[in-house]
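K.L.:
Letter by letter, the chains look like this.
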Amino acid sequence: MKTIHDNPVSSREMVRMIILFVFGSSVVMGVNPRTMQDAWICLLIAAAISVPVFFIYARIMHLMDGKDFFTCVLDWFGGIPGRIVIALLVWYYLYLAAVVVRNFSEFMEIVAMPETPQIPMMISFLLVSAYLCKSRIQVISQWSIVGLCITVGIMIITVLSTVASMRPQNLLPILEHSPPVMMKSSFEIFAFPFAECVVFLPLISAAKHGSPYKVFFKGLFYSTLVLMVIILRNVLTLGPQLMEAEYFPSYSCARIMEIGSFLSRIEGTISINFIVSGLTKTSLCLYSGALGLAKLLNVPNKLDLIIMPIFLFVLMLCALSYTDAVQMFNFLDFYPFYALPFQVIVPVVIWLVGEWKAHSKKTSSVQTASQPS
Amino acid sequence: MKRCLCALLAACLMLPLAGCWNYRGLNEMTIVAGMAIDEADDGQYLMTFEVMDLSQPTKTEGPNSNLVFAKGGSILEAIRNAKRQLASKLYFGNMQIMVISHQVAEREGLDAVLDFALRDSEMRETMELVVSREETARAILSNDEKISGAVSYDISRIIREDAKVTGSVFSAQFYRIYDDSRTPGINVVLPVFYLAPEPDSDKKHVEAYGCAVFKGSLLAGFFSAEETKYLLMVNGLLTGGVLTFYVPEITKNNITLEIKKVDSSMSYENNDGKIAMKLSVKINAYFAEFPHNKNEGNHPVLDQVERSAENLVREELQSVIKKLQTQYQSDALGMGRLIYRTNLPLWRQISGRWNEMYQTLPVDVTVKIHLANTAMVRES
Amino acid sequence: MIYVILVVLFAGILCIDYIPRRQVMTRPLRLWYLGVCLFCFAVLMLDQVGVPFPRIGTVLIWMIQKIFGV
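Protein chains in written order, with the numbering used here: chain X, 1 to 373; chain G, 1001 to 1380; chain U, 2001 to 2070.
You can trust all of the hints, since none of them are fake.
With a cut-off of at most 30 Å between alpha-carbon atoms, the simulated DSSO-like pairs for lysine-lysine come out as follows: (1) G:1282 - G:1215; (2) X:218 - X:67; (3) G:1089 - G:1059; (4) X:214 - X:184; (5) U:2066 - X:184; (6) X:302 - G:1002; (7) X:361 - X:208; (8) G:1002 - X:134; (9) X:134 - X:67.
In case anyone wonders, no lab produced these hints; they're calculated from the structure.
If we strip away everything but chain X, and leave its shape as in the complex, we get (with noise of 0.2 Å):
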């Protein structure tokens, strides 16, 4: 059984990959603060619907039977459908690539350095991904291990720097918000970022060991207790107000944080923080894409041929992503209706299809063996 990864990771690597995916950009754009204090429902009425779309995934993986999931999709739907389907999927890998070093870029000029052009920001971030690309997943995994306990850590220190100003009020009236207006922000808070997961699709077959199933559920539940910290922490902290009123909350949140009166203004450990995860995130659609497109382009075991192409074209989209920093975030209402066919409907056919090949192989193989020889 051949496989396009080199080395083998574990899975419990796999799960630290997926929290830092998910913790992603959501750590300064924060968690669709538009239900003020009711985001914590929001958030884990989110992970409810995650669940099932969870299932589907680690259902096509435990389908494929640990095979490289660009052949398997080639196998059952044949030539060209399985070829639009892997395009379909490669595009939705590197836009999302694209869209999450225009984040960062964008953070960085609001806050930090309104007077430096983005793209040198957009090449250096997109450069060291390429890099780590190129260095194949097992390398990814092992910067993972150091990139959470970095964002972990920070997300420790800022919570209990700001344990002091924090007001438990904050969270109250309980369910202020309608029931059309929870919905909206779970889905939109399922779409982005939870269901980004789909990016981690070609990506299990590394994991040798550990079931597809205990991978993504375990990374579901992770990332939903650190996302939750986040929003407790900047409701408490910043008010509901100005949590939604602020594009970035979790920075004005460490901006707020001081530790006696020696230790304030740490608030660039959150740049830190976005840094870190964004760069996983990054490397890690990158690297789903270029698996991608090598399998389109028959280049199956030479990935690092095609690694600076996707590079330019991923910068390429970042630069033309957006028109400015208002679009990016109004885009934000409409990202649930594009992500949908990618993260859900996708999936959805591939499953059907991994279903009905796994049905009728079986049914093919009852007859064979029921024929005397």
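Guided by the hints, dock chains G and U onto chain X, whose structure is given.
P.N.:
Showing chains G and U alone in chain X's frame:
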């Protein structure tokens, strides 16, 4: 050869990507310690910036500050116009306070100031917003006596440490004010400073006056430092301060208690749409001053002192709340917010007429004072 | 300045990544590599010059509004 070329190209790529694109040295910045917003005669904003003077050696002279004035049609325009007279652009990363004159607060309100301060990424959300009791806001910054090098830093420290020592001002950091101004059922309260005259001299110094309560985003009225102390007790903001009162039966001098801990709770009763508030304040205090003659009485005085102090606090609280309700009509204590947070359906019913209901809301105040110790000397 | 960065980036990619590994690539792959790099480089340079390319976000928002009527 190829390797050299690659190395050279890699180095060329590193040069523009590493380092700072738009580095600003400390000598290119004018550090602003505090800002005052006034209205000029022609309707424009007149801004006063207290900037740190870095031309003198700070080791021998200590830090010092100067004032810079600028006018403009909006706050940002006035700030940019300041560059017409300054060699270096203003830097707001260390600004501690923003002072607004009471005319600006009465006529225009806080919306423009709040929006600008929070939108700008350089100004910090932990800045304090202060109202000036003087004719202009810049009068507060024009003072000569500066302990920390700038009046703004002095004011900021006074506000920070006030709740533990005197309980005479509210702390009003921008991010908290923004939240209070947008939350239903509560009005903003800001600290007020003025220039206090010194005895036998023309000199004046900056001193905390009390607080300013707002109705919506416009200034409604002022409370003195004494009254502010009782307001601070209500939401558990007071952690120190003194209570001075006169009990002629015990001693002819004033008795002073030092407040150590204040626990307060607010609740309400709803009888068919008629709301009644209940305020309960529990204070742990120490005897701080009890000048008396031993012959004035031999009976234990602790209970009597506690009762007198409780009466004092209750009466003052009731009078302050009455003033808030009738004279200023401002729900600065967050009674409406309590209903909004704990009983949303009820709040949705009454929020339209809360302003009228609040003015005649019955408030029942209970105060309990416990004297924990009498410091180094026995009480009798 | 940005033009310099883009040109150096493009030259760096070609010299460091493409030229040493030209022999390993098949001819179609080489054409694809150069084609994509040149295309992206051209678009980036023209975007810096000021040519008004339609933004992907604008196109997607328009499509979503047409399809879903949001």
